[in-house]
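**Q** Put chain B on the given structure of chain A with help from the hints.
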Amino acid sequence: MSNSAESSERYGAMQGEDRHLIRWLVRGVCLIVSAILVLSAANGWSAVVPALSPFLAAASLLATGTVHALIWVALPVACMVLLRPRWFCRWICPLGLCADGVSYLGRRWGRRPMKSTQLGQWIVWLTLGGACLGLPLLLWLDPLALFTSLFRLAGPRSASAAWIGIIPVSIALLLNLVWPQAWCGRICPLGALQNLLSRLAKCLLRIVRRGDSFRPGSDGTGPLARRAVLGVMAGAASAWVVRSPRAWAAHPLRPPGALEEPELLGVCVRCGNCVRACPTAIIEPDLGGHGLASLLTPVLHFQDGYCREDCTACTRVCPSGALSRLSVREKPHMRIGLPRVDMNVCLLAEDRECAECSRWCPYGAIRYVFSEIEYTLIPWIDPEKCTGCGACEVACPTSPKKAIVVVPHSV
Amino acid sequence: MGKPMNRRECLRALGVSGLAGGLGLALSRPAPGQDVGESSGFQSSVIAGNKVRQNAGHAILVDGKVIQPRRELPILHRTDVLVVGGGPAGVVAAIAAKRAGADVTLVERYGHFGGLWSGGLVLLVIGHIVKGGKQVCQGIGEEIMRRLDKIDGAIIDRRPGVNPTADAEAVKYVMLEMVEEAGIDVFLHCWGVDAIVDGNAVRGAVFESKSGRQAILAEVAVDATGDGDLFAAAGAGFEHRSHNVGLVSRIGNLDRLDKARAQAGPKPRRLGLHTPVAGVNWVNLTGPEVDGLDVRTLTRMEMNHRKFIWRNIQNTRKMPGYEQVYLVETAPQLGVRITRVLNGLSRVRLSDLKAATRFADVVGVGGSSNGTHGEWQIPYGALVPTKVDNILAAGRCISTDMGMADLVRLIPNCFVTGHAAGVAAALAVQDGCCPRDVDVPRMQKILKQQEAYLG
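As you go down the protein sequences, you meet chains A and B in turn.
Be aware that the first sequence starts at 1, since it is given in our numbering, and climbs by one per residue.
Be aware that the second sequence starts at 1, since it is given in our numbering, and climbs by one per residue.
Extracted from the complex, chain B is given alone in its bound form:
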């Protein structure tokens, strides 16, 4: 542009171009009472009385230390069961609790449901089958899969004894649909940062969002954060573990290879596994074993992995026949596998898998990555913290030993533990008791009514 424009000239220019570009749209919905020449085509106004962020409690410096002063937090919502985390475990927990008769609120850090399944692009569903090909993940998890079945292009390889692969967007949509149908209160873009604790009991959680720091009060909370953020904040005992942190990506145009040249030349590694989208594969990345709770480490992982994925795809494109292959996307969420693991009343143990132990308080049955093991039962105690009340763990952060963590964290097993936690939380609200005192046979009966498989 030749000479500098002032703001008004710029707006006018934009407005004219907007008109020229979208005349039909502009004509059908003219902004009432506004000078078209003065408008950008969008509407915006000042919101009266800025209630959102009152900086009364901003941090201050005292003797060089950053201090957060005491302050009252606005109460955003009150609910029976508060589920923190909208991944496979959280979504299933919320639906299960709602169906069991509780008033449920589901809070998610990102803008969609599905957690690492959708946001982490871990599209392959493994862990629902046991030796012999029997499927042990039933209940609401299986219901999600059946809904995906009905949508064209949402899921492939849905056969007995096979690991299906879902489409990330279909997962986000189906989960959203089910959460809405159930009538669950939802807060997205809400990061659970603290627990509200009264004595020994959790009374809700504190969230950070664009609305600032707010509280949701609840009778019982379900920690489906994956990292156990909530139970850790509430003072429950846990084990802090390192595990591999990776980043999944999707690559495209695999249906447009120059087949003759591709077959003659060397085959590139890391072409990934197929997805419901033709020509698109998802490519896993295991990554090094690090502390998934350390922000510097997470930053380093994110940056290193992005660089690697980009360079790797460039190398792939240099190979004969693979010139058209391109990077569709890297996952919005870093693939953190295991961080905090609850110290529960009981524990999922490898020795119990080997011995095929049956528990009186079984709330679900887990499978394995390739149907290589038999059934292993998940005891209710693995979801319940040893000392803190009114909170249950679901998903990959439940109480498990080293050998079982890699099975516990698989998507279908998160469905199973989420289902159990949801029903248990609703029952605790109904009976006005702590989750640890829930009537286990009744809980098992409700789980079975909701089509869960308990062995």
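If we strip away everything but chain A, and leave its shape as in the complex, we get:
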């Protein structure tokens, strides 16, 4: 039995049934409120739910080195957690309520809790260690991000992508069915972080009260410190391996304001907020086309729509800073990619009357230049003006292959 379960039992005995009922009511309300918030992706509220997590905030802060507005959302939660261990799990966490429900079913079916070490701690240390090098490797295991990802199913498009997108959160919940409370008690990094923080708080409190100096090794902090050092080092090492100049060149097109690769792969929590927020439906989760590390990260497709010049929706709903918040004024300076023209397909090579890509370019970045050698027009793209928004690709009338296609900058 974990500490939390014991404390929870004591708690119940002391406060009685009324308190118990109130807690369930509060949790239910929290679940409903967070569901509503997550569903309102269009006006930017969906970022608030995952942003509540101090785990996400800490890793994001370490990895991106920027204090974006959403980090402050996690601060009150962090303070409360310092005072009362696992307070967040018991009163707020919407995934926790879902997990408890599944655990209840598991117990009814006679499943026993798991007997294993705390994985959560290791996840925390590894992630924070990696975050120091810009790559919080397991940040996507944050429970609030996982909870948010459940709502991929509410997205307007690509049902298959949505179902694949909820696989991680489904696994987390299924674990609770097989070993009741396995997720919350053993794996959840936010839960583990709360344990660590409250122990840290206790330790500090004792030092303050007694006037002791901090001595590692006393009161069982020895193994903790050892684990911390080991975990952080392992995290940093694996981040360093991942960061090594492997071929990250072949990365896909990312939404505007996205972090560089491979940092994006670490910081992105795969919550699916950006996919749901995009009004032109051009963001889709990567379904493995660009390697395992990139799985479920946002990629752009310009089949039916382009990245609108007046829209910054995806950057406003990103809880982790994987997509940095943009203003409409900054947007023309963000570079998604650069279009490439295939003159074997382009209608201009056959002297057809076509000016679609130039007409639809919101930034006036495409001109047609006459080539004396070819004796025809060739589209010329001004790299200073072009943002790679894909309007040209959408407008291009050739089919099945488009003559103008946006490719990532590094390609």
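Keep in mind that the hints were calculated from the coordinates and are not lab data.
From the three backbone atoms N, C-alpha and C, an ideal C-beta is built for every residue, glycine too.
Don't take each hint at face value.
[To be verified] Partial chain A-side listing against chain B, Cβ under 10 Å, derived:
hint, residue
1, Arg352
2, Cys354
3, Phe370
4, Glu374
[As the list claims (entries may be wrong)] Subject to a maximum C-alpha distance of 25 Å in a straight line, what follows is the list of computed SDA-like cross-link-like pairs (lysine to any residue):
hint, chain 1, residue 1, chain 2, residue 2
5, A, Lys401, B, Thr372
6, B, Lys354, A, Val405
7, B, Lys134, A, Asp304
8, B, Lys387, B, Arg436
9, B, Lys354, A, Lys115
10, A, Lys385, B, Cys434
11, B, Lys354, A, Pro397
12, B, Lys131, A, Ser399
13, A, Lys115, A, Ser170
14, A, Lys115, A, Trp72
15, B, Lys354, A, Asp310
16, A, Lys385, B, Ala355
17, A, Lys401, B, Lys387
18, B, Lys354, A, Pro332
19, A, Lys385, B, Lys354
20, B, Lys131, A, Glu330
21, A, Lys401, B, Pro164
22, B, Lys134, B, Ser351
23, B, Lys354, A, Asn344
24, B, Lys448, B, Cys434
25, B, Lys131, B, Glu177
26, B, Lys307, A, Tyr368
27, B, Lys307, A, Ser399
28, B, Lys131, A, Lys115
29, B, Lys267, A, Asn344
30, B, Lys318, A, Met343
31, B, Lys134, A, Arg352
32, B, Lys354, A, Ala355
[What the hints assert, rightly or not] Derived DEER-like restraints, expressed as beta-carbon distance ranges:
hint, chain 1, residue 1, chain 2, residue 2, range
33, B, Gly265, A, Arg340, 25 to 35 Å
34, B, Gly132, A, Arg340, 52 to 62 Å
35, A, Glu374, B, Gly101, 50 to 60 Å
**A** Below, chain B alone, put in the same frame as chain A:
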């Protein structure tokens, strides 16, 4: 020839050979009262009293400057509505104005109607469909197409949502037929060179032709010159733009390729697109972006393009299987796309296309090159100059921004703006008002009666 002939001997020799060659013709129509031996077989006589060209006003040199003295111009004709330019916009404008009850005169620089459609050999009709395949170009433009439908070999690909291709000669014939049927006064080989302006109002236009410089007086003029020559001369505001100037050609014998060798070898570029004539394709040429109003540039374009087209066909003929391909013709008219664009009371704008704006004074709906856009409305104000009265623009020179010029200039959209300008001009004559004060709802009603589509 061994020894030099004098004129009489030469004529006699020609006459004898003419007789020998066309005996039947000569016998059936003998020239009365003439010595057959003295005649060339043709008739010619001196026209008494040379009224055509009186050089009273020839240019003179004053201090090394060329000065054109003041002179009175003969009035060739008087009319209600004068349409300058016989391209798709001008022909439709003239027919529309005539049907709306006005007395109409149509003046064309070349010897045929159809402008760049026929004379420029731009045979593909694009711009009449919108997203979803709906055809927005209706009215007289569609009537022309239906007439072409009835003639064998005049038009192909006339299916919903598809861009048809017409035959240049069929276009010339059908337009001529419709203009004659409507009872429009026509002057061909007449180049509109100046506007007749009284105060702020246009009263007609001056033309240069083999008859010299003459005037046609009119109540309202429609500038369907494409280059906006008339409104520019009248002092209306305009934007002078550069655009690509090309030259279209037709190549033949594409049905006589050595197919086995042609398929095995490399495929030549610039084989163009099919036409109603079997084995003949029309080949577009975009050309560089230049000033289409500069005569030196136009000369250079014409010469460069001709050289390129000739060399290109020679290269094509060298490719295995393509030996029989030949150059049928280059277009008589240079493919000038955009030059002057009117500063109108309102403007056709790309932002309005994107926003699908609807105008209260809509006079037509435009389509796109490949049905890639939705409908875009053309406001009446885009045809009306901001300050000059009694003149309307039609065709590619109407008021449009950069993004829309390439849609405005397409043939079906020229039909649409021509139709609107014709009806508006006739109404202005009827009501005795300026085109800018035309009763818009009534104009829209007449346009709809003439089967135009207004959205």
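**Q** Each hint should be assessed against the structure and marked as holding or not.
**A** The hints, checked one at a time:
1. Arg352: 7 Å, holds
2. Cys354: Cβ of Cys354(A) sits 6 Å from chain B, so the hint holds.
3. Phe370: This interface hint holds because 4 Å falls under the 10 Å limit.
4. Glu374: 9 Å, holds
5. Lys401(A) to Thr372(B): 16 Å, holds
6. Lys354(B) to Val405(A): Holds. Lys354(B) to Val405(A) sits at ~22 Å (cutoff 25 Å).
7. Lys134(B) to Asp304(A): 20 Å, holds
8. Lys387(B) to Arg436(B): Answer holds: Lys387(B) to Arg436(B) is near 10 Å, not above 25 Å.
9. Lys354(B) to Lys115(A): 63 Å, violated
10. Lys385(A) to Cys434(B): Violated, at roughly 45 Å.
11. Lys354(B) to Pro397(A): 17 Å, holds
12. Lys131(B) to Ser399(A): 16 Å, holds
13. Lys115(A) to Ser170(A): 21 Å, holds
14. Lys115(A) to Trp72(A): 36 Å, violated
15. Lys354(B) to Asp310(A): 14 Å, holds
16. Lys385(A) to Ala355(B): 23 Å, holds
17. Lys401(A) to Lys387(B): Violated - the C-alpha atoms of Lys387(B) and Lys401(A) are around 49 Å apart, more than 25 Å.
18. Lys354(B) to Pro332(A): The hint holds at about 19 Å.
19. Lys385(A) to Lys354(B): 21 Å, holds
20. Lys131(B) to Glu330(A): It is violated: about 33 Å lies between the C-alpha atoms, which goes past 25 Å.
21. Lys401(A) to Pro164(B): The hint holds at about 24 Å.
22. Lys134(B) to Ser351(B): With a Cα-Cα distance of about 21 Å, the restraint between Lys134(B) and Ser351(B) holds, given a limit of 25 Å.
23. Lys354(B) to Asn344(A): 29 Å, violated
24. Lys448(B) to Cys434(B): Distance of about 22 Å is within 25 Å: holds.
25. Lys131(B) to Glu177(B): This hinted pair is violated, its Cα atoms lying about 33 Å apart.
26. Lys307(B) to Tyr368(A): 23 Å, holds
27. Lys307(B) to Ser399(A): This hinted pair is violated, its Cα atoms lying about 33 Å apart.
28. Lys131(B) to Lys115(A): Roughly 63 Å between the alpha carbons, so the hint for Lys131(B) and Lys115(A) is violated.
29. Lys267(B) to Asn344(A): 12 Å, holds
30. Lys318(B) to Met343(A): Status holds; Cα separation ~23 Å.
31. Lys134(B) to Arg352(A): At roughly 22 Å apart (the allowed maximum being 25 Å), Arg352(A) and Lys134(B) satisfy the hint.
32. Lys354(B) to Ala355(A): Holds, at about 15 Å.
33. Gly265(B) to Arg340(A): 25 to 35 Å: 29 Å, holds
34. Gly132(B) to Arg340(A): 52 to 62 Å: 30 Å, violated
35. Glu374(A) to Gly101(B): 50 to 60 Å: 52 Å Cβ-Cβ, so the 50 to 60 Å window holds.
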